[in-house]
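Asks: Fit chain B to the given chain D structure using the hints.
Read off the chains here:
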Amino acid sequence: MNNQPYEYVDDMINRYIYQVTKHMNPMTKKDLENELRTLIYDMLEARTPGTTATKEDLKAVLTELGSPSALAEKYRDTSRYLISPELFPAYLFVLKIVLGATLLGMCIVTILELITSYDHIWYSYLGNWFGSMIGSAVMAFAFVTILFALFEWKGVNLKELLPDWEVDELPPVPTKQANIPIGEPIAGIIFTILCMVLFTFAPQLIGAFYDDGGLKAIPVFNLDTIRVVLPLFLMIMGLGLLKNIWELVDRRYSIPYAIFVFIINTISTILTIIVFTRFDIWNVNFAEQINSAFHLNFNFSAIASWDLIIDNFVIFLVIIYFLEIISIIIKTIKYNNRFDFLNYVKSMENRYKH
Amino acid sequence: MAKKEEILSGLLLELRRGTIVLSVLCQLSAPTYGYSLVQELSGNEVPIEANTLYPLLRRLEKQGLLKSEWETSGAKPRKYYMLTDLGSEVYVQLKGEWNKMVVNMTKLMKEDKNNE
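Residue numbers (our numbering), protein chains in the order written: chain D, -16 to 337; chain B, 163 to 278.
In case anyone wonders, no lab produced these hints; they're calculated from the structure.
Please note: incorrect hints may appear among the correct ones.
[Stated by the list, open to error] In silico lysine-lysine, DSS-like type, Cα no more than 27 Å apart, as pairs:
(1) B:Lys224 <-> D:Lys57
(2) D:Lys5 <-> B:Lys224
(3) D:Lys57 <-> D:Lys137
(4) D:Lys38 <-> B:Lys224
(5) B:Lys269 <-> D:Lys13
Bound conformation, chain D alone:
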């Protein structure tokens, strides 16, 4: 009879210690386990000198020591976070926008698919819609979380909390124009994600619609090629998202931001040139198909102007990237004074000395 509570006590002590030490460094784990075990038996003995400890005694002792996770936390040197409290507000903010835009995009794609179908039954689309909503929400969540976990891990501090701060390195008080308007990155994220969703799930719907006993679409792009270049497309758009997320976290035209945009846009330009010149991504028959679908009588020059558009579209995109870089460099020079540039160079020198 007396034996039973004793076994119970041993068992519970083992469980408690296991919970405290399970994530500890294996080098010190055994040592800590032994020390804690002796401590708990000492505390039990102090409560019940000479007699066997009961369930209640054990409960009192372990309650005094506190929950295993709280005790383990006290043994940890520094708090560890996937995303620390400093980054968390920015994380939550970005997550809401990305999730919202993704779900909105999926809704639009599903509705368009539903409208343009006439041989399918609506509830099978409802099922598809539900499944793809969950799938894309999980993807969006994972993307943002991994990105911020990387920021945390790499110690990327977008707020420029330099380790050894100096008085003259304090960032200037932002004036209203010196800040990137918040609407820009939000609109950018929503637009980019809508494009990503559309290109991934329904590239056939990017085009002109016409009524032929049901809504039909003439695609602008060559669907077979789109499938092949999709990863490159998503990379270009992903880079755009990175830029927008930076803008949300730190809305100043800072020097690191200008450098970041320069790099991002240069990579995007190269990728864009590859996509538009190395692949036949356009639907070359677009103009003819429009002609016949709408029973129009385009002359030869209308078809030629379509060729003109697709031949020069890449130049148009490259000019946009280029103008953005120029505009941001000008704003950065305008809203940062000469001290900021000198200090930036100095802080970079310090960083790479170590």
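Replies: Same frame as chain D, now just chain B:
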């Protein structure tokens, strides 16, 4: 008035927190194990909880102020802690600072005009 008690106990906790290291260091010139230190300090009305003391002992050991050794000849294996040379030096200096602080604070509070 529960509010006043709350504020007071919060401030007291902060005040004690600063003295914990000193109260531990002063007891460890001879090898001592954790739980006997808990009892020793409670007996001197400087109570400290085991779940605060044990992690603290490890931290001080990591900083090089304490060293430890397992004593396995008794009924239970016990880990004994004691000051290192560095620990003794730090303790003496910290104690000096504490004494200065007590003198200065006492003087300061004597000049307190609210204290009649």
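Asks: When the hints from earlier in the document are held up against this structure, which numbers fail?
Replies: 4 and 5
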